[in-house]
Amino acid sequence: MEHYDMNLTLKVWKQKNSTSKGKFETYKVDHISSEMSFLEMFDVLNEKLIEEKKEPIAFDHDCREGICGACSMYIDGQPHGPWSKNTTCQLHMRAFKDGDTIVVEPWRAKAFPVIKDLIVDRSAFDRIIQAGGYVSVNTGNPVDANAIPVDKKLADEAFNSAACIGCGACVAACKNGSAMLFVGAKVSQLAHLPQGEPERESRVLNMVAQMDKEGFGNCTNTYACEAECPKGISVQNIAKLNSEYLKAGTTTEK
Amino acid sequence: MAFDSKIPQGEMKDKWSDYKGHVKLVNPANKRKLEIIVIGTGLAGASAAASLGEMGYHVKAFCFQDSPRRAHSIAAQGGINAAKNYQNDGDSVFRLFYDTVKGGDYRSREANVYRLAEVSNNIIDQCVAQGVPFAREYGGLLSNRSFGGTQVQRTFYAAGQTGQQLLLGAYSALERQVALGNVEMYSRHEMLEIVVIDGKARGIIARNLITGELERYFGHAVLLASGGYGNVFYLSTNAMGSNVTAAWKAHKKGAYFANPCFTQIHPTCIPVSGDHQSKLTLMSESLRNDGRIWVPKKKDETRKGKDVPEDERDYYLERRYPAFGNLVPRDVASRAAKERCDAGYGVGSTKMAVYLDFADAILRYGKIEAGKSGNHNPTKDEAIALGKKVVEEKYGNLFEMYEKITGENPYETPMRIYPAVHYTMGGLWVDYELQTTVDGLYALGEANFSDHGANRLGASALMQGLADGYFVIPYTLGNYLSGEIGTKPIPTSHPAFEEAENQVAERINKMMSIGGNESVESFHKRLGKIMWNKCGMARNAQGLTEAISEIRALREEFWTNLKITGEVKEYNNELDKAGRVADFLELGELMCIDALERSESCGGHFREESQTPDGEALRNDELFSYVAAWEYKPGNSWELHKEPLHFEIVKPTQRSYK
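If you read the sequences in order, they're chains P and L.
6 is the number of the first residue of the first sequence in the working numbering; add one for each residue after it.
-13 is the number of the first residue of the second sequence in the working numbering; add one for each residue after it.
Hints in this document: simulated from the structure, not taken from any laboratory.
One thing to keep in mind: the hints can contain errors.
Said to hold, decoys possible - Result set (DSSO-like, lysine-lysine): computed pairs, CA atoms no more than 27 Å apart in a straight line:
| # | chain 1 | residue 1 | chain 2 | residue 2 |
| --- | --- | --- | --- | --- |
| 1 | L | Lys549 | P | Lys59 |
| 2 | L | Lys555 | P | Lys59 |
| 3 | P | Lys28 | P | Lys53 |
| 4 | P | Lys53 | L | Lys511 |
| 5 | P | Lys58 | L | Lys515 |
| 6 | L | Lys239 | L | Lys563 |
| 7 | L | Lys358 | P | Lys157 |
| 8 | L | Lys549 | P | Lys33 |
| 9 | L | Lys239 | P | Lys21 |
| 10 | P | Lys158 | L | Lys375 |
| 11 | L | Lys563 | P | Lys19 |
| 12 | L | Lys511 | P | Lys58 |
| 13 | L | Lys(-1) | P | Lys157 |
| 14 | P | Lys21 | L | Lys496 |
| 15 | P | Lys59 | L | Lys563 |
| 16 | L | Lys511 | P | Lys59 |
| 17 | P | Lys16 | L | Lys390 |
| 18 | L | Lys390 | P | Lys90 |
| 19 | L | Lys555 | P | Lys53 |
| 20 | P | Lys158 | L | Lys555 |
| 21 | L | Lys563 | P | Lys58 |
| 22 | P | Lys33 | L | Lys390 |
| 23 | P | Lys90 | L | Lys555 |
| 24 | L | Lys511 | P | Lys158 |
| 25 | L | Lys555 | P | Lys21 |
| 26 | L | Lys563 | L | Lys515 |
| 27 | L | Lys628 | L | Lys(-1) |
| 28 | P | Lys218 | P | Lys26 |
| 29 | P | Lys33 | L | Lys511 |
| 30 | L | Lys555 | P | Lys19 |
| 31 | L | Lys239 | P | Lys53 |
| 32 | L | Lys555 | P | Lys26 |
| 33 | P | Lys53 | L | Lys358 |
| 34 | P | Lys59 | P | Lys28 |
| 35 | L | Lys549 | P | Lys19 |
| 36 | L | Lys375 | P | Lys157 |
| 37 | L | Lys496 | P | Lys53 |
| 38 | L | Lys374 | P | Lys158 |
| 39 | P | Lys58 | L | Lys549 |
| 40 | P | Lys58 | L | Lys496 |
Please put together the full structure from these sequences, using the hints given.
So, in structure tokens, the structure goes:
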């Protein structure tokens, strides 16, 4: 792989806090190596800003290996940037070339208010899980793990849904700011497993109710969520969510 | 201060059940009146907070991330061990116990390790009940794989995302307790001080990372599940925010810090590519099941890896360790890679890397696949095409990650790897009940020291985190809290809270007002370089002595030339980082002091002065069969206390993998 250096122009959303009005600021960064990750490029920019006694740009990040779900930049109109099935932290600078201008915004969604610069509040996701994204089993002495066999195909499907990292790219990508892919992934995971069976109906009803309460929009089948999901969570999870919801709605006394 | 390991009497196999049978209990009505603070929401913290909430205690849980689900346990790849013996290959609680004590190079406490092996099976049951989607066989039962060179298949896994799935299980249990009102969750909060009243931990001071305000919280007990301190090296496989601050504050309030020099350098990570590097990424140990590690036989080889002919390659692990080959334990594999690179045989542009090659595995699997469809004489190209598919199924996500980071296709060209800091076996000293030397202050998971000795085996960290949180602390904490049922919640207007908050505020103001010229990041990088070069994979007395004075000087400089932008009362990541690096600058010194004191080699701690004639680590049981527990003294000095280690069952021998 040939490495190269590049000079870039960045247009980055700056916003002091949740109540102030934000705006784009323009920054120049020079001598960025194609081997750097996108966030390392931001590290270089922030060090330069500190050097100039200016305030660095605030952004969420932690594991920097694509699994914790903290990083959340909207890069050139795409959540997590131009590479598919990828998080911002795993985006590398060889995706760009010398002289490029890159626009970076926070997630844009009613249910994800901006905290500062590129940081948004995603606690709505935690509250949706609190509404039913679990199996109600206390720590103790459950049955032996192999007492209930699970069809490998179903187990694999449950795993594919469970791969969601809760980053919120699906919401950011959706023109309606819908969280159906996130909710669908958790509902599907547990609907595929025998352990999820007892609370199957109440789970889907309660999680959807909380999702609506948080101000997430509806799904109009654009599939932008699937296209932008860094873990490739399929829109079939939304279909599953809808069918689970319908079944529960028609059979449960409320 | 109490320094008693409180290991129960009796036979090893009966200790834990006897303990549980006689431990004091707290009745449900009293549990409701007792408050517990939990710092950290990784596997240990989330499982503890959830379990204690279920039992009826009132729990307050804290994490610095925006959600408890993001704790760094999430990044664990390979798997979790348990002695289920589902594969009928001779595994047992005893064998898991034995392997762990031996793997730790005889520097862990037998009774703790035995208990860990004992509860390992419950963990798997619990996680499956929660809906954790472990890998399964076609018959619907759980699948296992071998790991880290053990001779049985005892590792449970969920593709290369086992830590994620286990953490999401614990997180969902935690969120359920939040919904029920048993747990109050404080995200984006960082613990900055322990409040001790009459010798007992009674609360914390935390900083709200969004507003910058300091807040006071009371607890009848405080549990630290705040992870390891690998980020003292700047570059590690830890998350960017992983830090020692909670544990370090506890240490300075009286909790002994044990075996700080025991750090694990993982052999298979993607190498450093330049000065901009912010972290290192692990490639799962499972890759060593099929990949072969080599360097060219010729120094300064200029050809590409795949163009170097077979007879000009040095498969040095297979050469040095014919019995275990590429599957030697982590400490051994890491040192061997360093030895080759130091000798001038490294590869890649920096020459600080070795090859991990899948070409043979691809060919071997390809021939097997071709054979399955009746083609017993495939051409090389046919076999390679089929073999690539098999390797993709087994390791696809890891290969993809490698390609994203390096831009190289590992199916076509050998991967470049190099060791990186991964896990810290040392941590806060705890007794059998996981209590530190401060009453009412506990440490769980990677934050404590007790189970892995001088080297942790693969797939054991997840096991220990969940063992501590789900199955140990719910019992042992009751033994303490049963004596606290008469203690009414102490109002946070108490002078001890006042004083602790003032201390924190003073420290923050001091940092903000330095007004120097150097960024936090720069100090952190400089500390990391000292630690890596002089307290890393190989250590010697001269280097460690130098490191101690260099760290002291760097600390001086930090407190006179640090530059932090922004304000205190706002979201200010530079300030957050500065507090963490200030603590690393103290911990780093203690690690070097500990490494200097322990002039033997054991596990991940390799003292160049103590090796066998053929370069293997040489332990000294006569002088060093103890836990080094360091007591903090004002002004950054430490007093060493030794907890002697007794081996009733696993008799220490020289580890050999030849």
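Hints, one by one, checked against the model:
1. L:Lys549 / P:Lys59: holds, 11 Å
2. L:Lys555 / P:Lys59: holds, 17 Å
3. P:Lys28 / P:Lys53: holds, 20 Å
4. P:Lys53 / L:Lys511: holds, 16 Å
5. P:Lys58 / L:Lys515: Status holds; Cα separation ~26 Å.
6. L:Lys239 / L:Lys563: With a Cα-Cα distance of about 21 Å, the restraint between Lys239 (chain L) and Lys563 (chain L) holds, given a limit of 27 Å.
7. L:Lys358 / P:Lys157: Status holds; Cα separation ~22 Å.
8. L:Lys549 / P:Lys33: Holds, at about 22 Å.
9. L:Lys239 / P:Lys21: With Cα atoms ~36 Å apart, Lys239 (chain L) and Lys21 (chain P) exceed 27 Å; violated.
10. P:Lys158 / L:Lys375: holds, 20 Å
11. L:Lys563 / P:Lys19: holds, 21 Å
12. L:Lys511 / P:Lys58: The given pair, whose Cα atoms are some 20 Å apart, holds under the 27 Å limit.
13. L:Lys(-1) / P:Lys157: Given pair Lys(-1) (chain L), Lys157 (chain P) is violated - Cα atoms ~36 Å apart, limit 27 Å.
14. P:Lys21 / L:Lys496: Cα-Cα ~24 Å, so holds.
15. P:Lys59 / L:Lys563: holds, 17 Å
16. L:Lys511 / P:Lys59: Between Lys511 (chain L) and Lys59 (chain P) the Cα gap is close to 21 Å, so the pair holds against 27 Å.
17. P:Lys16 / L:Lys390: Cα-Cα ~25 Å, so holds.
18. L:Lys390 / P:Lys90: Given pair Lys390 (chain L), Lys90 (chain P) holds - Cα atoms ~11 Å apart, limit 27 Å.
19. L:Lys555 / P:Lys53: holds, 23 Å
20. P:Lys158 / L:Lys555: violated, 52 Å
21. L:Lys563 / P:Lys58: Measuring from Cα to Cα gives roughly 17 Å; hence the hint holds.
22. P:Lys33 / L:Lys390: With a Cα-Cα distance of about 25 Å, the restraint between Lys33 (chain P) and Lys390 (chain L) holds, given a limit of 27 Å.
23. P:Lys90 / L:Lys555: Not satisfied, since the Cα-Cα distance of roughly 37 Å exceeds 27 Å.
24. L:Lys511 / P:Lys158: violated, 47 Å
25. L:Lys555 / P:Lys21: holds, 12 Å
26. L:Lys563 / L:Lys515: Between Lys563 (chain L) and Lys515 (chain L) the Cα gap is close to 18 Å, so the pair holds against 27 Å.
27. L:Lys628 / L:Lys(-1): With a Cα-Cα distance of about 26 Å, the restraint between Lys628 (chain L) and Lys(-1) (chain L) holds, given a limit of 27 Å.
28. P:Lys218 / P:Lys26: holds, 25 Å
29. P:Lys33 / L:Lys511: holds, 24 Å
30. L:Lys555 / P:Lys19: Roughly 18 Å separates the two Cα atoms, so the pair holds.
31. L:Lys239 / P:Lys53: violated, 38 Å
32. L:Lys555 / P:Lys26: holds, 19 Å
33. P:Lys53 / L:Lys358: Not satisfied, since the Cα-Cα distance of roughly 59 Å exceeds 27 Å.
34. P:Lys59 / P:Lys28: holds, 16 Å
35. L:Lys549 / P:Lys19: holds, 21 Å
36. L:Lys375 / P:Lys157: holds, 20 Å
37. L:Lys496 / P:Lys53: Between Lys496 (chain L) and Lys53 (chain P) the Cα gap is close to 24 Å, so the pair holds against 27 Å.
38. L:Lys374 / P:Lys158: Between Lys374 (chain L) and Lys158 (chain P) the Cα gap is close to 23 Å, so the pair holds against 27 Å.
39. P:Lys58 / L:Lys549: holds, 9 Å
40. P:Lys58 / L:Lys496: holds, 18 Å
The earlier numbered hints that this structure contradicts are 9, 13, 20, 23, 24, 31, 33.
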